[in-house]
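Asker: These protein sequences, in sequence, are chains A and B.
If you're matching positions, the first sequence starts at 1 in the UniProt record's numbering and goes up one per residue.
If you're matching positions, the second sequence starts at 1 in the UniProt record's numbering and goes up one per residue.
Just so you know, the hints here were simulated from the structure itself, not pulled from any lab data.
Hints should not be assumed to be uniformly reliable.
To be verified - To give an idea of the chain A side of the interface with chain B (calculated C-beta under 7 Å), a few residues: (1) F102; (2) D255; (3) G256; (4) D403; (5) E705; (6) D706; (7) V745; (8) V746; (9) P885; (10) G890; (11) L891; (12) P895.
All C-beta atoms in this analysis are idealised placements derived from N, C-alpha and C, irrespective of residue type, glycine included.
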Amino acid sequence: MSPRRSASGGSIDRLRTIRFTFDGEAYAGHAGDTLASALLANGVRLVGRSFKYHRPRGVFTAGIDEPNALVTILRDNVREPNIPATRIEIYDGLRAESQNRFPSLAFDLGAVNRLGGRMLGAGFYYKTFMGPAVGPLRSTRFWMFCERFIRRAAGLGRADHAPDPSRYERMNAFCDVLVVGGGISGLMAAEAAARAGKRVILAEQEPETGGFALWSGETIAGKPAADWARTMTEKLAALDNVRILPRTTVWGHYDGNTLAALERIGDHLPKTPKGHPRHRHWTIRAGAVVLATGALERPIAFPGNDRPGVMLAGAVRRYAGEFGVLCGDRTVFFTNNDSAYQAASALKRAGGHVAAIVDVRRTISEAAAALAAEAGVVPLTGQAIVETRGGRQVTGIVVQPFDAATGALSGDARPVECDCLAVSGGFQPVIHLASQAGAKAEWDETMQAFLPPAPGQHWRGAGSFLGDMTTAGALETGRDAGLWASGKKPSRAKLPETGAPPIDIAPAPVFEIRGKGKAFVDLQHDVTADDVRLAHREGFVSVEHLKRYTTLGMATDQGKTSNVPGLAIMAEARGISIPEAGTTRFRPPYAPVSIGALAAERYGDLKPDRLTPMHDWHVEHGARMMEAGLWHRPMIYGAPGETVEQAYIREAGAVRRSVGIVDVSTLGKIAVKGPDAAEFLDRVYTNMFSTLPVGRARYGLMLREDGIAFDDGTTWRLGENDFLMTTTTANAGPVMQHLEYVLDVVWPDLRVHLTSVTDQWASAAIAGPDARKVLEKCVAGTMVDNEALPFMGIVRGTVEGAPVMICRLSFSGELAYEVYCGAGHGLHIWEALMDAGEPFGITPYGMEALGTLRIEKGHVTGAEIDGRTTARDLYLDWMLSKKKPFIGSGLMDRPGLIDRNRIRLVGVISLDGQPLGGGAHIVEGGSLDDLGQSIGHITAFCYSPALAKYIGLALVKGGKARHGTRAFVSDPLRKRFGPVELVSHHFFDPDGRRMHG
Amino acid sequence: MLISCPHCGPRDLAEFSYQGDATRTRPDPASTDTQAWHDYVYARPNPAGPHREFWQHAGGCRAHLLVVRDTLTHEIHSTALARPSRAGGETA
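Based on the provided sequences and hints, a complete structural model is requested.
Answerer: This is the structure:
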């Protein structure tokens, strides 16, 4: 048994020992311990260094509000920084590290920052590191130069670069009543709603429901409060209409009673159970919400209030009551309210020693005096702590008479020895979720706290959330809220008896003791009371400015212990009341949320994959797959020992020489049908479709309403009123949505029906001089010669018994056909085409070769239709019909869009035999070090087997006017600079003789 | 936020795509009034209060809805099919 552990009491299992390490040192704790309670039980006081001054810090709270004891968890070779030790349940093999220290926690070089502490106030860095007005490090450049060093010195934990191997998932839930918080009032609310037959979800952020009852040491209904809470929980858990979610933090309250919660499933176990995610993100839609979120104790700011061993009084009580941990051998309490007397008395009962109670108030209630007597001390009333002593842990304090009304200190100061200082500065209800729901908090003079606003239409509060800190109050308001949420009237039935004497926890309005030395308001961000006053002197007086200037409340704890004291000090500096100074509105999340849980199945092994019907064939035949959106497409079919470049050169060469085949099933396909289908296409495409004969296809271009190019593709006329539109793979969704919009909203009178048929068709393109011979070998039921199937013609036939539709169109510039069939026949047709092509050496090709062939031909894709280019920029103005208006025609002729000096499409040839890079700039001169003025950029590049050169497409100012001129490619990221020639983008077979042949 | 789709009933916001301001009117397709086109494409009122806007039930029936939403409270005052002629539907 460790020295600070009481022999009995609490919820821990003393028979189960759990071993863990902290900074490499081995420790033991018990089942039920948090890392914080286990470290305290082992007498570990120093757990971290502070953000800015590297001051030694210890555990300050026992819960979600912890500002100091942030640690890094090492798990599965992943570092997860900034986790409060108070929120970590220990498990065998847990490895935790302290943060922001170098080389070690005890000996920290960064602590030198403390020597300059006078200088390092709020805004210090920004003011000091403003650069000179001129020169290489002028103005913010100097800041950016210095910032990297500053960031190293100040900070929290270090994040990892390794991928997170954990799995996360998302869940939607619906309930009649959501109870947020499983303390006494939450349990009562859940029970009342459950009895009324409502579907109830009870979310509790801690591992166990019960809240204050678990450590209060009070009685409810004649039995220990913790037992009462456990019995209630068991009763609720046995009901079919109740779902209890432990370790679940509700962090967002959105419109329409939608709440977001994070359930931590695997963090407290050595290994996440098989089949379970590490975290689960809940979206809960509730009929009614009961906010039983409790209240958080706040500290008092006084010099040296951050020394390890200084803690919140309620935390000292909780460590004793729930974990059997005595935080000190000699504990001094410092308070402005009666709750610390309860804590002192509870600590005494648990076996601790209370050295003194220091109270800023001159007189105290009888109940408080009685509790002090139980704790075995005479309270030092009308006094305040003006100093703490010690190094890496508190060894004593200095008290001095204090006038709570004026804040003045007077008379003799005297030291008191102690090794733990328990502070209570009053309570602030956790109103975050109510504030998020839109209502403004109201300042309560008696409680010296922001109380929840009037309840909304769909929520009620209960328990200490309402500002009533008593168990009896929690029982009553909890039941009332549960009944309200069930649509029932308040009950008159008798509530369980409680054992605690009622005390008054309304605090004296004392937030700070002004003495010599740093008095911290925000422990996590190292913001002192003087920093708040500095902000005031410099004019940052509004609460929002205060926050941004000092970073008060902007750390990972979001100021749970510091917001109200910071506001109070600013209000005093301004000579106004706290409500006049105002409060910031709370925004989600209430507590940190893992990004993984938000991404959930959109990331990792649950992300959907779109596979074409021929996918397995590709993989079996050596394809290296690449992702295109959700689709998987072959990049290359690598032969052994081949590089990517060698593979695509071989594949593209085969297409130019004989024949190749590529899977184009991923192209977006939309069936456009109806009497007005042709008219509709005339309106959405820049060119004419109503004149297209049945059985023919046409290349089409769409613009956005603003005149910018949107998408291109071919559309096939299968019947008078029946068209099959194809889109680029990436734009299949946006084009569909665009068409649906204009049909629903702009031209609702058009009789057209749209159906996405992307997944219904499988398609293969065969391209090359021998393409027709391949079709002749395998297609039945139709001729495929030039007469029956001319360029842009469509025929129907069969291949090995399966119906196909063949369109003669070309993306590669070769004689080429796209063979469409029902998706279920995709593999069958593909294999039939492979067999038929075998005598001609048919070569499957992937995206790289497809890209190479299209670059050689100067065909544009999404890289050039990038949302900024116009049809003219891409030399597609021949497609802009003058005979009819179309979407985009109204704005496409704006002066800025027809300027000849816009960046426009050109071809680029590398003159030094080196590859070009996507995104590289085109410049007129300069060198690798002198970037010069960009006149454009490369959009696509490849090695062209047809030209035997590295080539690319680019958007360059002036476009065609620069054909035949020289420029340079400048690519500082890849350290590439070299000469290029700007040419026509039609590199290969500009007359198109090959594809028409 | 819940949007009541006339076809599918009350559905979560996540199923819908915002499709823009429903108060603007598109100029005549043949119009060459650049200012009118500019206003249609770029000019937007930004009212604090009820606002008419289009939402597409992209994760459902894919119909476009005309929604009146309060920009201050996110309360949905009414929803209707943007193209009532097709389904013959009225308000929900």
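Asker: It remains to establish, for every hint, whether it holds in the given structure.
Answerer: Comparing the hints with the structure gives:
The beta carbon of A/F102 comes no nearer than 45 Å to any beta carbon in chain B, farther than 7 Å, and the hint placing it at the interface is violated. Interface restraint check: A/D255 against chain B, minimum CB-CB distance 4 Å, threshold 7 Å, status holds. About 5 Å separates the beta-carbon of A/G256 from the nearest beta-carbon of chain B, less than 7 Å, and the hint is met. A least Cβ separation of about 47 Å between A/D403 and chain B goes past the 7 Å threshold, and the interface hint is therefore violated.
Because the closest C-beta pair between A/E705 and chain B is about 5 Å apart, less than 7 Å, the hint holds. A cut of 7 Å between beta carbons decides the hint on A/D706: the least distance to chain B is about 5 Å, and the hint holds. Because the smallest distance between the Cβ of A/V745 and any Cβ of chain B comes to about 5 Å, under 7 Å, the interface hint for this residue holds. The restraint placing A/V746 at the interface with chain B holds, with a minimum CB-CB distance near 6 Å, inside the 7 Å limit.
With a cut of 7 Å, the hint placing A/P885 at the interface with chain B holds, because the nearest CB-to-CB distance is about 4 Å. Look at A/G890: its Cβ gets to within about 4 Å of chain B, closer than 7 Å, so that hint holds up. A hinted interface residue such as A/L891 counts as satisfied when its beta carbon comes closer than 7 Å to some beta carbon of chain B; here the least separation is about 5 Å, so the hint holds. Checking A/P895 against chain B: minimum C-beta separation of about 10 Å lies over 7 Å; hint violated.
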